[in-house]
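Each chain, written out:
There are 2 protein chains.
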Amino acid sequence: MQSGTNLPKVGRYNRAVVLDQIQLADGISRREIAECTGLTAQTVSGIVRKLLDEGIVREDGANRVVSGGRPRTTLRINQDAGSAVGLHFDPAELTCVVVDLLGQPLATKRRPAPPGAAPADVVAAMADLVRDVLAEADVPRSRVLGLGLASPGPIDQDLGIVVAPPRLMNWTRVPIKQMLSEATGLPVTIDNDATAAAVGERWAGAGRGVANFAYFFFGTGVGGGLVLNHQVHRGGSLNAAEFGHTSVLEDGPPCYCGNLGCLETLVSPEAIVAETYRRLCDQPTGSVLSEPFRRDPATLNHALVRVAAADGDPLATAVIDEAARHVATVAVNVVNITDVDLIVLGGAGIRHVEQRYVDVVASAVSTRPLARHIRVVDVTHSPLGPDAAVVGGAALVLHDAFSPQLSVLLPD
Amino acid sequence: MQSGTNLPKVGRYNRAVVLDQIQLADGISRREIAECTGLTAQTVSGIVRKLLDEGIVREDGANRVVSGGRPRTTLRINQDAGSAVGLHFDPAELTCVVVDLLGQPLATKRRPAPPGAAPADVVAAMADLVRDVLAEADVPRSRVLGLGLASPGPIDQDLGIVVAPPRLMNWTRVPIKQMLSEATGLPVTIDNDATAAAVGERWAGAGRGVANFAYFFFGTGVGGGLVLNHQVHRGGSLNAAEFGHTSVLEDGPPCYCGNLGCLETLVSPEAIVAETYRRLCDQPTGSVLSEPFRRDPATLNHALVRVAAADGDPLATAVIDEAARHVATVAVNVVNITDVDLIVLGGAGIRHVEQRYVDVVASAVSTRPLARHIRVVDVTHSPLGPDAAVVGGAALVLHDAFSPQLSVLLPD
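Protein chains in written order, with this note's numbering: chain Y, 1 to 412; chain S, 1001 to 1412.
Do not rely on the hints blindly, as some may be mistaken.
Unchecked claim - Stretch by stretch, here's where chain S covers chain Y in the computed footprint (C-beta under 8 Å, at least three residues):
{"#": "1", "stretch": "13-19"}
{"#": "2", "stretch": "39-52"}
{"#": "3", "stretch": "146-152"}
{"#": "4", "stretch": "331-343"}
It is worth saying that the hints were derived from the structure and are not from the lab.
Computed from a prediction, not measured in an experiment: that's the story for all the values here.
Just so you know, even glycine gets a beta-carbon here, dropped at the ideal spot from N, CA and C.
Next up, chain Y with everything else stripped away, as it sits in the complex (with noise of 0.2 Å):
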């Protein structure tokens, strides 16, 4: 059922629109926040009177001054007023940063996660991180807004569970929130890997400030997040974007998802690797992977394979250049159903090779969406590269605290 709305909701979501606006400008006046965002000058003021006294705006010393009109104050985020925590939970390693309000981080370490991954042991292992990256920004846990959590998916929101996730088979149902509020002492949120980063792309990356854009994001699988009319688009079930399940092929492989011809199937690190493997048995010179896989097959890696196709090697460009066509398919696909205006590609899993990524995602969507006629959808790749997913799990308790959520002016 759809909600009505009332004055303190209203008055709380107007905050936030006024919160937005500052972040989203490298310095902004009063003037001009009143003007982009619809709102009187007098709820402007009032708001940022409020923001200035908590402490999470500030006047800058210097003085916008806009044609013919008197100078005006410089507002600013106080990126210093707070801290939010992001961990990224991949199956082979856990990574911490802490960030200040406006996303940019003050510490950042990394470990293997415990072999054999049984829940309790990975918690510990994560509590033992925060603690570690806490002291080393020498950020006391009284400044913390949250945790935010960036885990594989699916994910139960109402329970803060993770549901069966992929490629971790001891962690069916598992109420990490709780478990990870109770370790750490701090609030947690909890979201997919894919939709943090997304999130953390809306607050400090590619996607600041856009309406609609998709981001797809390459680590052990192919996962994806979506931002529709401003807003995270979780879907009814909160798992959205899942890109990488899209089939590709509709008689493919199957995928251990058990859908057929998964994008994830054909581009995941172990696809590229089997794929130069095949060529690399088919033709055996002629690559700079050919001397060192004569030597030990053994030592072909995703990386390796990026790193060749980036230098130029034929081969390995080839191999490639086949995975981002079906990331393009899918992209297209994507285009035709969400029609949004960007297409962000990020994740550690095509580092070294972005250029490539984006330039045959780029080609495909100026060419075949139905709608290229009237507009043509912009690709690029995310600057926060192989941290979107934890930078996106801080962003999640910044996007909770500030950012204008339809949620909050229409709760369920």
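Got chain Y; can you put chain S on it based on the hints?
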């Protein structure tokens, strides 16, 4: 940029939220509206008083007795308080309907689209049809809220034009909205035919009260509509939900749209007839279609194949099931991307075989999407049938006038 909001906008939005509750319910009390919407009893009371004064809502004689409470007055939409006209522009046929405020048809008329389909001739024919249908329903033009045109896309909403619609070679950037408004004297709303049909489903069909659903529209081509978080999702260029032009087979046949292996190339009426033709050539006996096909292959058409499949003919059934499997692949992709709660299949192109399509798609979405462990997506066929687009055209008008739309609360 995200907008703020204010009291007058909140007032208009809450009014629509109350109307929406009354429209969705089969009789509802003020108290029940307050409970469903989170609005205070006082707010609901004030809004209902105005709606009664305007004649849009009526109190029916019956009281609603809630166990243990005192009887409460039942509210209903006063369906005779106004009308809306819907027009469906199919390249082969024009259909026009006039509906009451609940979206119930009062009169419907059809005529072939003028040959050659020059824009001015089509608009003149449309205006004649509107006049005839209003006369038949005995509705004076002054009682008509507006005219909603369901047209082949893509559409540029800002300019009110049809941009290079598929299968209409003379229709490049035609300012249809203005032409039709001048010819009929009615305010005109225009949308993609499939989006209009989805709005029709939301207003008077299977999508009533459903927060997230995808509508597949089988007509001359295959279109779609998306409702996400109770809002029609139109996308950044207002051309979302082009399910028919998502790729099912990455290296499949080129589609006129510029993409490869599109759903539409595989399941359009022409494709289904061609596939039936191929199978009848390979296997000349054993089907109810064999004998008429042997006498005159040109008599084979889409409707005959669907009727034969509905009667259990094995060859026709195999053709329809193969088409349904292609639809199912796209349905699974749409679920994995948008995480909708419901898939609705509609349009004339699945008439007689609605249940076969529903069964094949339902089987796929219960076994292949990643989030199926959390909940299974419903699949149903449209109760509006082949008239979904024209009823949808009229529903566009009702939707603009009465539905709670974020664009009212948060205008751009």
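* Asked: Do at least three Cβ atoms from the stretch 146-152 of chain Y come closer than 8 Å to Cβ atoms of chain S?
  -> violated (count 0)
* Counting residues of the stretch 39-52 of chain Y whose CB is closer than 8 Å to a CB in chain S, do you get three or more? -> holds (count 3)
* Would you check chain S against the stretch 13-19 of chain Y, counting CB to CB pairs closer than 8 Å, and say if three or more residues qualify? => holds (count 4)
* To do: Go check the stretch 331-343 of chain Y versus chain S for me, would you? Three or more residues, Cβ under 8 Å, otherwise it fails.
  => Coverage by chain S holds here, the residue count being 9 at a Cβ distance below 8 Å.
The structure fails hint 3 only (numbered hints given earlier).
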